[in-house]
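Colleague: Got two chains here, separate frames each, mind docking them using the hints?
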Amino acid sequence: MSDVAIRCQGLAKQYEIGEREAYRALRDVITEAFAAPFRRLRSAARHSKNGSASGEKTRIWALKDVSFEIKRGEVVGIIGRNGAGKSTLLKILSRITEPTLGSVDIWGRVGSLLEVGTGFHPELTGRDNIFLNGAILGMKRAEVARKFDEIVAFAEVEKFIDTPVKRYSSGMYVRLAFAVAAHMETEILLVDEVLAVGDAQFQKKCFEKFRQISTGGRAIVFVSHNMAALRTACQNGIILERGGVIAQGEINTVADQYLAALSSDEGMQSVETESFVVADVSVSSQEGPVIKTFDTVEIRVRLLAKSEVQNPGMFVSVLTLDNQRLAALAFNDFLKVKGLQPGESCELGFRIERFPLLAGEYQLEIDLTDLDHYKIELVNRKYSFEVVESPVYQGRKIDRWFGLVGLQAEAFGGPVAAGAGDRTMAAPRSHTGL
Amino acid sequence: MSDVASTGASPAPVGLVASAEQGQLPHTRIEPKKGWVSVDLKDLWHYRELLVFLAWRDVKVRYKQTALGAAWAVIQPLFTMLLFTLFFGRLAKVPSDGIPYPLFSYTALLPWQLFAYALTESSNSVVGNERLITKVYFPRLIIPLASILAGLVDFAIAFVLVLGMMAWYRTVPTWAVLTLPFFVIFTIITALAVGLWLSALNVQYRDVRYTLTFIVQFWLIASPVAYSATLVPAKWRPFYGLNPMAGVIEGFRWALLGKTSPPGAMLWVSVAVVAVVLVGGLYYYRRMEKTFADVV
Numbered sequence: 001m002s003d004v005a006i007r008c009q010g011l012a013k014q015y016e017i018g019e020r021e022a023y024r025a026l027r028d029v030i031t032e033a034f035a036a037p038f039r040r041l042r043s044a045a046r047h048s049k050n051g052s053a054s055g056e057k058t059r060i061w062a063l064k065d066v067s068f069e070i071k072r073g074e075v076v077g078i079i080g081r082n083g084a085g086k087s088t089l090l091k092i093l094s095r096i097t098e099p100t101l102g103s104v105d106i107w108g109r110v111g112s113l114l115e116v117g118t119g120f121h122p123e124l125t126g127r128d129n130i131f132l133n134g135a136i137l138g139m140k141r142a143e144v145a146r147k148f149d150e151i152v153a154f155a156e157v158e159k160f161i162d163t164p165v166k167r168y169s170s171g172m173y174v175r176l177a178f179a180v181a182a183h184m185e186t187e188i189l190l191v192d193e194v195l196a197v198g199d200a201q202f203q204k205k206c207f208e209k210f211r212q213i214s215t216g217g218r219a220i221v222f223v224s225h226n227m228a229a230l231r232t233a234c235q236n237g238i239i240l241e242r243g244g245v246i247a248q249g250e251i252n253t254v255a256d257q258y259l260a261a262l263s264s265d266e267g268m269q270s271v272e273t274e275s276f277v278v279a280d281v282s283v284s285s286q287e288g289p290v291i292k293t294f295d296t297v298e299i300r301v302r303l304l305a306k307s308e309v310q311n312p313g314m315f316v317s318v319l320t321l322d323n324q325r326l327a328a329l330a331f332n333d334f335l336k337v338k339g340l341q342p343g344e345s346c347e348l349g350f351r352i353e354r355f356p357l358l359a360g361e362y363q364l365e366i367d368l369t370d371l372d373h374y375k376i377e378l379v380n381r382k383y384s385f386e387v388v389e390s391p392v393y394q395g396r397k398i399d400r401w402f403g404l405v406g407l408q409a410e411a412f413g414g415p416v417a418a419g420a421g422d423r424t425m426a427a428p429r430s431h432t433g434l
Numbered sequence: 001m002s003d004v005a006s007t008g009a010s011p012a013p014v015g016l017v018a019s020a021e022q023g024q025l026p027h028t029r030i031e032p033k034k035g036w037v038s039v040d041l042k043d044l045w046h047y048r049e050l051l052v053f054l055a056w057r058d059v060k061v062r063y064k065q066t067a068l069g070a071a072w073a074v075i076q077p078l079f080t081m082l083l084f085t086l087f088f089g090r091l092a093k094v095p096s097d098g099i100p101y102p103l104f105s106y107t108a109l110l111p112w113q114l115f116a117y118a119l120t121e122s123s124n125s126v127v128g129n130e131r132l133i134t135k136v137y138f139p140r141l142i143i144p145l146a147s148i149l150a151g152l153v154d155f156a157i158a159f160v161l162v163l164g165m166m167a168w169y170r171t172v173p174t175w176a177v178l179t180l181p182f183f184v185i186f187t188i189i190t191a192l193a194v195g196l197w198l199s200a201l202n203v204q205y206r207d208v209r210y211t212l213t214f215i216v217q218f219w220l221i222a223s224p225v226a227y228s229a230t231l232v233p234a235k236w237r238p239f240y241g242l243n244p245m246a247g248v249i250e251g252f253r254w255a256l257l258g259k260t261s262p263p264g265a266m267l268w269v270s271v272a273v274v275a276v277v278l279v280g281g282l283y284y285y286r287r288m289e290k291t292f293a294d295v296v
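So the sequence lines, in the order shown, correspond to chains R and Y.
Going by the working numbering, the first residue of the first sequence is number 1, and it counts up by one from there.
Going by the working numbering, the first residue of the second sequence is number 1, and it counts up by one from there.
Worth flagging that the hints you see were computed from the coordinates, not collected in a lab.
Take the hints with a grain of salt, since some may be wrong.
Mimicking DSBU-like on lysine-lysine, the simulated pairs with C-alpha atoms at most 35 Å apart in a straight line are [what the hints assert, rightly or not]: (1) R:K140 / R:K205; (2) R:K209 / Y:K60; (3) Y:K235 / R:K64; (4) R:K140 / Y:K60; (5) Y:K290 / R:K140; (6) Y:K64 / R:K140; (7) R:K382 / R:K205; (8) Y:K64 / Y:K93; (9) R:K209 / R:K64; (10) Y:K259 / R:K140; (11) R:K64 / Y:K34; (12) R:K159 / Y:K93; (13) Y:K42 / R:K64; (14) R:K140 / Y:K33; (15) Y:K290 / R:K71; (16) Y:K64 / R:K166; (17) Y:K290 / R:K209; (18) Y:K259 / Y:K235; (19) Y:K34 / R:K71; (20) R:K166 / R:K209; (21) R:K292 / R:K336; (22) Y:K42 / R:K209; (23) R:K292 / R:K397; (24) R:K204 / R:K336; (25) Y:K34 / R:K166; (26) Y:K290 / R:K166; (27) Y:K235 / R:K140; (28) R:K205 / Y:K259; (29) Y:K42 / R:K71; (30) R:K64 / Y:K290; (31) R:K159 / Y:K60; (32) Y:K33 / R:K71; (33) R:K71 / R:K205.
This is chain Y alone, in the form it adopts within the complex (with noise of 0.2 Å):
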C-alpha cells in the first residue's frame, strides 16, 4: 500500500492511500499511569525488529578495531580455564567429579562467561543507551534484551573449542545434551531477571556501575565453577540452589559430559528463584521506566 505512495509519481495515488488509512489509525493515549504496569508484550513484538536491531549493532560493533577480533570471545575463557587448570585442579587438586580438570572448568566457563556478559551489559545497557531513551520511544524492555543477545554470539563461538575439547578427551555427549538449550535459555533469564533490577537502579544509583565487578566476582566464587557442587554436602545442595547459577552450571555439566548426576532439586530452588527475581525485576523496571528519560 504504502509501495505506491513511495514510488507514485502523481499525487492521486498518494490521496487514495492516505484516505484509504484514514479507517484505521491507531490510536494512542497518552496520559500519566499510577503505580505498577504490566509488560506490554504487543508493544514488544511490534518492536522485535528494533531489538534485533540492537542486538545486531553490539555484536558488529564489539571487536571493531581489535586486532585478534572475535578470537577474544574463545581467549577469555581459555585462560581462565588454563590458570583454574594450574591452580585448582593441578596444585590444589580439587576433585572435579572423573572428569578431567580442563573440560571440567570449561564446561563450567561457558555458561558462567554467557552469565557474567549478559548481567554487565545488561546493568549498564540503559545507562549506556541513555541518548536513545531521551531522544526516541519505543519500549525500553528492548535495551536489557538486546544487550544480552549480543552475548550469544561469544557464547557460540566460545562452544566451538568445547567440542574440539570433548574429542580430544573422547567424551560422548548422553541423550541430556538434548537438555541444553534449556540450560543456555535458564541462564539468559537468570542474567536478564537481575539485570532488570540493576539497569533500572543505575539510573538512579550510579553505585551499581562500582557494585557490578564486585557482584560478578563474588558470584564466580559463589558458583561451582572451578570446583563441583558436590562439595556442598547433600542435605545443604538444595539450598545451594538458592544461587540459580549453581544450578545452571551443574545442570550444563550434566547435559554437555552427561557423567554427573542431573542436578534435581538444586535446580528447581534455582527456576523458582529466578521466576520470582524475574517476575519483580519485569515490574520494578516497568515501574521505573516511566521516569527514565528524566533521570538518567
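Only chain R is shown next, with the shape it has when bound in the complex (with noise of 0.2 Å):
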C-alpha cells in the first residue's frame, strides 16, 4: 500500500431533476402508472422524430468522469461555482449517496464536516450534544469523553456547558459544533464551507487546528468560496467545473486560474467591501465602449455606502494582466465630494485626455478610500478592459514590441549642415502618459 489517502477513478453522479424539487405523492405515481403505455408509445414516437430524451425527467450529471488521488497529510482544496458538483463530491466521498458510475478507494476512517452541529438537538445541554454529536461523527464514547475538556476548552463555552444549546449564542453554538468535530481522529478529513463561520479570531484558531492535523499525516479535502481561506489552508487544489475537473495542482496556481477564469466570465457585477458596495465600474470613451490609444476615457466608479462615509474617493491603479502598475491616481487629489450616509450612493470618475495605453488588455484595481477615517479598502476583483488597435504610428501595425505606451510623437530632420551642431535636438515635442 502505498501513501494514497484517496482514490477516485471516473466517478459520476447523475440526478433526475424533479425528483429533488417536489415528494411525489402516491397518486401521481398510480396515475403515472396508467399513463405509462401511452407515454411510451408517445415519446417512441417523438424518439424517431429527434433522437432524444426519453420520459419526462431531465437527468443531469452532477459529476462526471472525475478522477484525482489525495495522499496522505495533503491538504486539498476543492474549487468552483456553486452547482459545480463540489458538494455532490464531498457526499460521494463521505458515503452519504453513491455514485451512479466510478469507484473511489479510500484508505482510512473518513470524518466529515459537511455541516456544523449535524444532529446537534436544542434542547439537549452542550455536554450531551457533544456526546451525541461525537456519536453522530462516528466518535467512540470513550474518545469524546477523552477528548471532552479539550472540546469544551477550545469551544471557550466552559461557563454554559449544562445550558440547552438552545439558549446558546450563535457563535457559542457554532464554536461547540465545530470543536467536536475538529476533534475527530479520523485519517481522512472531509470539510465543507464550514470555515465562514465564528469570529476571525475562532476562524483563525480553526486553521491552526487544520494544519495541526494535516502535519499529523492526516489527509483534508477542503471546500470553500473563500480564496484566501483555501490558500492559506491548503498545498493543493482543484477545479470543477459543470461536473469534471479542469484543473488540479498547486492551490496558488489554481486559485488564480479560477479567479481569471471567474473575472473573465462574470462581467462586472457587484463587489463589496467592507464601508462599500461597488455596483459598476465602467471604462468608456467618449464615443463609446470602444477604447482606442488617445481617446479621451472615462473611468467611472458607482459605489453604494454601507456605513457613513465623510470624504469618499479612491485610487484607481492601472496594471498589465501580469499586475505591472502602469499608472495610478487618487480621487481626493483633484476633487472632494460630499458625505454619504449609509444606503446612499455615488459615482466617482477620472476623465483621462489622449489615453496612452496601446493595444492590448489591461486591469483596473480599485481602492475605495475614506481618508478621514484612514480607511482604504481593496476591492477584491480586477476589472480588465481592452485597448483596440488603432492607428497610433500612421497606421502601422503595433505588438508589443512597441511598448506599452503610444507616444504623441511628431518626427522632423533632414540632412545637417555642416558646423549647425546639436541645436536640432532641442525642442523634442513628446509627452507620455505616466
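Modeller: Rendered as C-alpha cells:
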C-alpha cells in the first residue's frame, strides 16, 4: 500500500431533476403507471423524430468522469462555482450518496464535516450534545469522554456546558459544534465551507487546528468559496466546473486560474468591501465602449455606502495582466465630494485626455477610501478592459515590441549642414501619459 | 494508542502513532451497488453506540418542556383503559375471559401502545432525520431502530401500573410470565417489520404520513385490545393470526395474567407473517436507502 488516502476513478453522479424538487404523491405514481404505456408510445414516436429525450424526467450529471488522488498529509481545496459539483463530490466521498459510475478507494476512516452541528438537539445541554454529535460523527463514547475537556476549552463554552444549546448565542453554538468535529481522529477529514463561521479569531484557531491535523499525516479535503482561506489552508487545489475536473495542482496556481476565469466570465458584477458596495465599474471612451489609444477615456465607479463615509474617494490603478502597475490616480488629489450616509450612493470617476495605452488587455485595481477615517479598502476584484488597435503611428501594425504606451510624437529632421551641431535636438515634442 | 496522540505535547509520539496505524488502515471502496443489498451486520455493530445515543436523545427530548413529563407514558394507556372499561366493559358488556375488564384491556394496551408508538415513530423516522441523512454517513437502519427503542422507556413506565392493578385484583402471574420478554421483543419486531416498509416509502411518498393515523386506528380495532380473540370462532383463529398483533396481544395477556389459554396456532401464523414482512422490509429498505439522501 502506498501513501494514497483517497483515489477517485471515473466518478460520476446523475440526478433526475424533478425528483429533488417535489415529493411524489402516491396518486402521481398511480396516474403515471396508468399513463406509462401511452407515454411510451408517444416517446417512441418522439424518439424517432429527434432521437433524444426519452421520458419526461431530465437527467443531469452533477459529476462526470472525476478522477484524482489525494495523499496522506495533503490538504486539498476543491474550488468551483455553485453547482459545479463540489458538494456532490463530498457527499460521495463521505458515503452519504452513491456514485452512478466509477469508484472511490479510501484508506482510513473518514470524518465528514458537511455542516456544523449536524444532529445537535436544541433541548439538550452542551454536554449531551457533545456526546451525541460525537457519536453521529462516528466517534466512540470513550474517545469523546477523553477529549471532552479539550473540546469544551476549544469552544470556550465552559460556563454554559450544562445549559441547553437553544439558549446559546449562535457564535457559541457554532464554536461548540466545530470543536467536536475538529477533535475527530479520523485519517481523512472532509470539510465543507464550515470555516465561514465564527469571528476572525475563531477562524484563525480553526486554521491552526487544520494545520495541526495535516502535519499529523492525515488528509483533508476542503471545499470553500473563500480563496484566501483555501490559499492559507491548502497545498493543492482541484477546480471543478460543470461536474468535471478542469484543473488540479498547486493551490495558488489553481486559485489564480479560477479567479481569472471567474472575472472574465461574470462581467462587471457588484463586489463589496467593508464600507462600500461597488455597484458598477465602467471604462469607456467618449465615443462609446470601444477604447482606442489617445481617446479621451472615462473611468466611472458607482458606489453604495454600507456605513457612514465622510470623505469618499478612491485610488484607481491601471495594471497590466501580470499585475505591473502602469499608472495610479488618487481621487482626493483632484476633488472632494459630499459625505455619504449608509445606503446612499455616488459616482466617482476620472476623465483622462489622450489615453496613452497601446492596444491590449489591461486591468483596473480600485481602492476605496475614506481618508477622514484613515480607511483604504481594496476592492477584491480586478476589472479588465481592452484597448483596441487604432492607427497610432500612421496606421502601422502595433505589437508588443512597441511597448505599452503610445507616444504622441512628431518626427522632424533631414540632412544636417556641416557645423550646425546639436541644435536640432533642442525641441523634442512628445509627452507620455506616465 | 490515540491517547498518546491527543495528550502528547511533543510531535514525536504523534508521528509514531500515525506510522503504527498506517499498516492497518481500513480500506473502503465506494462504488454503485446494483440491485438487492443484504444487511451489513458488521457495520451496524460498529455503529451500535450511535443507536444507543439516538434512542437516548429521543427519550431525553420527548417530555422536555411538558408539565406532566413522563406521566404521559401512563396517562395515555390509563385513560384509554378507563374509556374502554366504561363503554365496552360496562355498557356493551364485552366478555373478557373472566378477567376484570380494566385489567383485561390494560394488559392489551401495553403492547398495543408500544406497537403504535414504534410504528408511528419508525415510519416517520427517516423523513424526520433528514438533516442527519443528508449530512453524515452511518448505517441507515440505525434510524428506525433507534426510534423504536425509545418506545421501550414509555412501555416500562406504563408497565409499573399493571403491576399495581394486578395486586389490586389479586392476580398472581404463573410460570408463563417467563415468556413475557419474548412478546415484548415480538411487538418491537412487528413494528420494525412494518416500519421499515413505511419509513422507506415515506421518503418517496409523503402519503404515508397521512395514512399512518388511519392505519393505526384501523389496526387497533382489528386487534383484540378491547375484546377477546375468543370472539373469533376457533376455526378462524389461525387466520386471525395474520394480524400479528392479535397473536402478540393474546400472548401478552396469557403471559402476564395466566388465565387465558396460550395463543397456539394463531401465534405461529403471526410469527410467520412477521418473518416474511421483516425480511422483505429489510431488503426493501436497503435497496431504497442509497437514494435517501438524494430524495428525502
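Colleague: Each hint needs a verdict: does it hold in this structure or not?
Modeller: For each hint, the structure was consulted:
no.	hint	verdict
1	R:K140 / R:K205	25 Å, holds
2	R:K209 / Y:K60	33 Å, holds
3	Y:K235 / R:K64	62 Å, violated
4	R:K140 / Y:K60	20 Å, holds
5	Y:K290 / R:K140	25 Å, holds
6	Y:K64 / R:K140	26 Å, holds
7	R:K382 / R:K205	30 Å, holds
8	Y:K64 / Y:K93	40 Å, violated
9	R:K209 / R:K64	33 Å, holds
10	Y:K259 / R:K140	47 Å, violated
11	R:K64 / Y:K34	19 Å, holds
12	R:K159 / Y:K93	62 Å, violated
13	Y:K42 / R:K64	32 Å, holds
14	R:K140 / Y:K33	28 Å, holds
15	Y:K290 / R:K71	28 Å, holds
16	Y:K64 / R:K166	13 Å, holds
17	Y:K290 / R:K209	33 Å, holds
18	Y:K259 / Y:K235	21 Å, holds
19	Y:K34 / R:K71	30 Å, holds
20	R:K166 / R:K209	26 Å, holds
21	R:K292 / R:K336	30 Å, holds
22	Y:K42 / R:K209	32 Å, holds
23	R:K292 / R:K397	14 Å, holds
24	R:K204 / R:K336	39 Å, violated
25	Y:K34 / R:K166	43 Å, violated
26	Y:K290 / R:K166	32 Å, holds
27	Y:K235 / R:K140	54 Å, violated
28	R:K205 / Y:K259	69 Å, violated
29	Y:K42 / R:K71	28 Å, holds
30	R:K64 / Y:K290	19 Å, holds
31	R:K159 / Y:K60	22 Å, holds
32	Y:K33 / R:K71	26 Å, holds
33	R:K71 / R:K205	24 Å, holds
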